[in-house]
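Novice: My request is simple: use the sequences and hints to build the entire structure.
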Amino acid sequence: MNAFEYTFLIPFVPLLGFLIIIFNFNRFPKKLTAVLATGFIGFTFVVSIYTAWQYFFQMGPVNGVYPKFIGFDFEWLKLGDHLSVHMGTLIDQASVMMLIVVTTVSLMVHIYSIGYMHDDRGFNRFFAFLQLFSFSMLSLVMATNVFQIYIFWELVGVSSFLLIGFYYEKPSAVAASKKAFIVTRFADLFFLLGILLLSFHVGTFDFISLTNPENFESFNLSGYALFGLSIPALALILIFIGGAGKSAMFPLHIWLPDAMEGPSPVSALIHAATMVVAGVYLVARLFANYALMAPEALALVGYVGAFTSLFAAVIAVTQIDFKRVLAFSTISQIGYMMAGLGVSHYGGEEGLGYMASMFHLFTHAMFKALLFLGAGAVIHAVHTNSIREMGGLRKYMKTTHITFLIATLAIAGFPGLSGFFSKDEIITAAYQSNPLVYYALLVVAGLTAFYMFRLYFLVFWNTEPHYHLKPHDPGKAMLIPLIILALLSILTGYIPFGQFISSDGQPLHTHLHLDMAVISTLVSFTGIALAWMLYKKPSDMPQRLIASASTLYRWAYNKFYIDEVYLFVTRNIIFAYISRPIAWFDRHIVDGTMNAIGWVTVTTSHKIKGLQSGQLQKYAFAFVSAVLVISALLVYYLLNN
Amino acid sequence: MTYSIISIMRQELGLVVIALLVLFFDLVVNEKNKQKVFLIALALFGLHTLAGFFPFEGGNLFGGMYSTQPVHILMKNVLNIGVFLVLLMSASWLKTPQIANKSNEFLMILLTTLSGMYFMISAGDFLMFYIGLEIASIPMAILAAYEKFKSRSEEAGIKFLLNSALSTGFLLFGLSLFYAAAGSIYFDDLTRTLSQPSPLVALALTFLLSGLAFKLSLVPFHFWTADVYEGSPMVVTSYFSVISKGAVAFVLGILLFKVFPVFEGLWQNVIYTLAVATMFLGNLFAIRQKNIKRFLAFSSIAQAGFILLGLLHTDNLGIIVIIYFVLIYILSNLAAFGVAQAVYAASGKENIEDYNGFYKTNPRLALIMMLALFSLSGIPPVAGFFSKFFLFTAAAKAGYYWLVFIAVVNTTIALYYYLLVVKAMFINPNPEPLPTIRSDKYLRSALFITVIGIFLTGILSPVFEYIQAMVDKF
Amino acid sequence: MWQDITLQDVLIVSTLMFFSGVYGFLTRRNLITMLMSVELMLNAVNINFVAFNYFLHPENMHGMFFALFVVVIAAAEASVAIAIIIGIYRRFKSINIEDVSNMKY
Amino acid sequence: MSFLLLFVIVPLLTVIAILFSKDIKQTRWIAAIGMSVQLLLSAALILMYLKIRAAGITDDFVMVKNLVWFPSLNFNLTLGVDGISVSLIALTSIVIFAGVFASWQMENLHREFFISLIVLATGVFGFFITIDLFAMFVFYELAVIPMYLLIGIWGTGPKEYSAMKLTLMLMAGSALIIVGLLGIYFHSAPDGGLLTMNLLEISRHKIPENVQNFLFPFLFVGFGILGALFPLHTWSPDGHASAPTAVSMLHAGVLMKLGSYGVFRIALFLLPEAAHNQGSLFLILATIGIVYGALGAIMQKDLKYINAYSSVSHCALILFGLLMFNRSAMDGAILQMISHGIMTALFFALIGMIYGRTHTRMINEMGGLLKVMPLLGAAYIIGGLASLGLPGFSGFVAEMMVFFGAFTHADTFHRVVTVLAASSIVITAVYILRVVGVFLMGPIKDEHHLHLTDASWWEKLSVGTLLLFITLIGVFPHFVTETLIGNSLAPALERLMSNF
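Protein chains in written order, with my numbering: chain U, 1 to 641; chain E, 1001 to 1474; chain C, 2001 to 2105; chain W, 3001 to 3500.
It should be emphasised that the hints constitute simulated quantities derived from the structure, not laboratory data. Certain hints may be false.
Stated by the list, open to error - DSBU-like cross-link-like pairs, simulated, lysine-lysine; straight-line CA separation at most 30 Å: (1) E:K1032 <-> E:K1148; (2) U:K170 <-> W:K3445; (3) E:K1150 <-> U:K618; (4) E:K1441 <-> W:K3022; (5) U:K537 <-> U:K559; (6) U:K398 <-> U:K30; (7) U:K395 <-> U:K537; (8) U:K607 <-> C:K2104; (9) U:K618 <-> E:K1148; (10) E:K1441 <-> E:K1036.
Specialist: As structure tokens, this is what we get:
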């Protein structure tokens, strides 16, 4: 028995909700579903808050270190004689923080969806899937071991698949859901291999023993390694690939923009705030291992994160689909977090990057969810995704406009809002350890401010197209979450995050790095100013700029043709040169061989029919010659033996 | 002495008496009652069959020319069962106008050939063996040509007779060489004096084996089989394919195991080669047959190849499985022939494609045919599976694993063409299937017996164990 | 004189007879001639039996008896054969073996 | 009279009862009742088995009963089960139960159909309850043959060709098996004792290694043909595509497991040294099968072909797991047998039901069916997710156990094959999602499909049963791997590991 046994309720309640709703999906009225689902998730939220309170405030650090608890645990499966897979809840700094993030955003999205999905046929199905996702995500964040993470990793993947493909009659939605699932599945393969390799050498899945630096001595890490990498580096890189798939790191990012085919609340919940940061969370979970056992792997994480961040920011500048801009912004921001982890070290002040990354994860979840929900509200109002068909909406959608502006300011790193604080920490950490990453992140900060305000101005200012129906603010169910999230986007920046989250469990005292803050603020102001000049009012400046850098623009607009490369590889290489030949080979060679055996038999049968000629004397001749041949052979055999 | 002759030779005597009685009645009864002779013959033969199962120790006669042991009696009993079924199946054919006036002669000749087989099985020397062989084969030519109003039947008769004469010539030549080598025609003397294989013995053995191989229709001595089977009346074909083949298989077993065990090294090779050739060629020829009789002829050639698997190694198990196999082969093949006979009697059709859609109109006959074919191809739960498996066991016991493999591969080929018939009956569509056939009570009871036999002789072990017990006394 | 005849001489004769019988059987198209060839083979066998008896195993009479039985059975065989050949002649209007080959393959 | 014998007697009684039925209603109810009894029996068997184990009996096989059959050859009907066969018996009764309901509307020659189907099931049950090689083989053959009629008469498409190919290939497999069995039989008593076909007796002695090396390929390939061993799997796509629904279910679901079970129980258990000597070769074939089957499935357009190739891939994974010779992988392989059995039965049931409505199995002729038949569509998606190894369903656990077991071999060869095998999880996802995307989602292509109805009660029952078990095993794998199978693998492992 322990103080956290009740935490099993946190994932269990949404699971219950899922089962109840899915088995009655064509029976329950919408109201009942809404109440049930929101009630269940609200309950979970309350329990999570209680857990956080209990963990951080009631218990607090022991001997200056936050302890880790196993709240609830049972053996699920034995793998051979040594390994066993447990299911349970792990309560530590990171998981409790994630609980808050997931339940908060999920609750907001649930409430929002009551309004957003109100007229949809699949209302019940939608809520059931949301519950399923919440269950999976909560189980993921509270996983006690890496195998449990993998299990729920797959389950969040499938919830994401189901929700992206929610409008299953729309071919683009189907394609997007397929793409999302397959790309992440592909990455998961490496994750699995990483787990296999790690568990084989370490002999445990359990996070508590796996990440405890004191145990590292006892791990048997000898063995051959590939590409000159050590065993832990190889294993951790493989695991990182898994994380990169889910967190849409380059070059596995291609699914996330397409995933915007799902309903906007889904984008907010899954593809902005929670599931996509699972990769960051995974690296953070194993941070001790990355930092101490395989610094080269961690460096890779940093570079990939920084590059992705820059890369996605560049693309985001050119996109014209409302949600895609946000999607690339998400990719870019997750790259930020990854970079933050990559530049961090383990323990103490050196662990600033880790803390910063988690901090950014937290704040980003709030303002990005807000952005998406705001986008949902706008799209709901104007029935289009293209920002070219929007403009001047500030007049019609006042609340939405203000909340969206808050979020935009937050993400742009406007001083005083949450994004400012968390970004600042990351940039500081990068500055302290890796100049290359530092400069990249600085550029990204500018770009972020620019494209977000480009988006903001194009949607809420600029020219107003002719609207068939006058756009208006959404109903209360959708506005309340917007307002709450806007408040959170402002306030969460003031949490002394280092007190709660740190790489080694010891509270970290952080302070604002003024020099860094000034630089990054300047950079983002530059971006905002540029956007102001170009997009606040209609002008031909953007067009001229595009014309002057047309090649770069075209590449960026087409997302650097990464999708096309994938398409080419799958369709023209794997399908055309592997799969189709195999199908052919199977039908014609393997099966053909079998048929050929039959054919040969039957043909032989027809060819030899002449032997049975009907002529008595031919029969007799066969008889006589057989007798003579056999006797000759027999005598020969006899004389030679 | 006289009594012991009667008791020891009771089966032969009984059979000859029945044959003579048939002849006698045929002479004395008037035209109208001629058909009733069949009933008398059937009843007598039934009793004779049953009487054969009384336990009996056996003995020798005529200074060893004739010897009978429980195993011989068992072999004769197995043949009796087959002949009884053949008699039942022949009832409708014997009533056809063209045959009716000579139906009782048919019975007489049939029983005579059977007595020839008896003597062949019980022979203690080559003379008795030869006489038995000829009594069993010369009248067979008459049976083959019985429908002398049909050219095919005549052709079958002459093909069989001349071919058989040729083979007998070789066989006799072989026997004369044995006589030269051993100075005696008694089996006991032969086993005693011939202990070293010599070229002369090898030659003699080949000639003897080829004569028997002819009767057993082993490749390449088999060519007559298909033509004769096709041309002969259906009843005679069934008799050919099961009874005479079974008898020769028994005789071959006795000769190889009891007379020439010392030459095992020699004949094993011959048997091995013949087995492989027979199975393959028999199957390959069977694949494309259109006529059901010809089809069954080639299938029975292939089956003969399987029988050889039991003859590879001088071992009681070999004899046991051969008797067992022949018994089940008799039941299964007769079931198939019985259905073919019913169809032929009702419609005069004997092509496989005539059977298309057979199941729709004649479900029972189709099922019997299917069971029979499954039994022939060795599919559980019907008996053929067990007999085949035990044959393979016998071959494997001698270490011939590859031969077993070849044999089972051949089972697969065989299954293909058996399934073609099943397919014709059950799957192939036919707008005008054969009409519903109502066959007479004799045929029906015969089919009933075969079906029961096909089911029970395999899955229930007493039959096998009984054979085992009899052979162990050998 | 006949006492000088050895087993070998007799065997040469009998073997020649046997194989000329075989040859005749294989080459002559007339059914009757084929039957006669078979008789030739059987008689060669008879010579064998008698000769072996006389030269090798004079202590018993097995060979002689065997020859007797072969003669008898050959006669029976011939009678059946002739009967069938007559039937064939009626059906086919020919006793050429090549004509009697309706059934094949 | 042994309890186990009921598993053969009840189907036989059902068959006899069907003989006297008058119309399809009676026939199907008799079949349904018979197979429900069978399902209850297997539940009872599980309970009995657990009770026996709980009583501390650790024999390799329990409920052993020797019924003398052919005493002179010492071929007996020896009954006996361990955890593995108990679970496979349960699998069989689940699938046949669902199969009966899936063929609820088999109007054409209904009596014959249900009789053949149940005879087929009898063979399977018999195979699992016996531990005498001869008896096992009898039942094995019994299970293979009704297939010809079932496909030939009630099938679709090129049914005669498919049926013939399937039957002949499986019989060729039997040819190999017979040689192997007889070889084992004649080496079962090296010290001159009584020859035997009894698994337990044979396993007490060591068959000479050269003999093992000779016999092993016969048995492995022979059973492997039924277990869809590459490149001898080619009967499977055509056979499954042509077979009627229930037959595909039973065949892919259970009969193919006979092959893997035979490989495990006979080839690996009795010939352990040879298994070690030749394992790598077959491991390569199994690996090829996994990847090849999955890649082959991508390009197919016929739903049944897709599933058939997917079965090739999944069944190859069973062999792959078995050839790893360790607890985890073999546990996984057994679990994969059960899991794939239920999953593929589910697929074939659904395909049959969808085909019954749309009269096409070509995915590009359908679209958006999820809208008109949400239950069937959802079931298909769940089945698909289970098939691609989603946690919460049985396939995931099985795959994971196999991969973890495989990864305990640290040499390059095993690493490479494991990585290749693991890559199939991605390929599986590709083809499953492709199918689901094309024919269930998207717009409705054929307006005739707009009026199709969703599942009827018997279809719901059939599909629901299968879904229930997929999920139960997926959520509580512990019950199968630990409670049920438990130490049943120990004898085999002990023999496999003893000299290495």
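Novice: Does each hint hold? Answer for all of them.
Specialist: Quick rundown of the hints versus the structure:
With a CA separation close to 23 Å, the supplied pair K1032 (chain E) and K1148 (chain E) stays within the 30 Å bound. A C-alpha spacing of about 13 Å is found between K170 (chain U) and K3445 (chain W), which places the hinted pair at or below 30 Å, so the restraint holds. For the given pair, K1150 (chain E) sits about 23 Å from K618 (chain U) by alpha-carbon distance, which is consistent with the 30 Å threshold. Note on K1441 (chain E) and K3022 (chain W): the hinted pairing holds, with a Cα-Cα distance of about 27 Å set against a maximum of 30 Å.
Distance hint between K537 (chain U) and K559 (chain U) is fulfilled; the C-alpha atoms sit about 27 Å from each other, no more than 30 Å. Under the criterion of a C-alpha separation no larger than 30 Å, the hint pairing K398 (chain U) with K30 (chain U) is consistent with the structure, at around 29 Å. With a CA separation close to 15 Å, the supplied pair K395 (chain U) and K537 (chain U) stays within the 30 Å bound. A C-alpha spacing of about 14 Å is found between K607 (chain U) and K2104 (chain C), which places the hinted pair at or below 30 Å, so the restraint holds.
Between K618 (chain U) and K1148 (chain E), the direct Cα distance comes to roughly 24 Å. Compliance with the 30 Å bound is thereby established for this hinted pair. Under the criterion of a C-alpha separation no larger than 30 Å, the hint pairing K1441 (chain E) with K1036 (chain E) is consistent with the structure, at around 15 Å.
Consistency note: the structure conflicts with none of the earlier hints.
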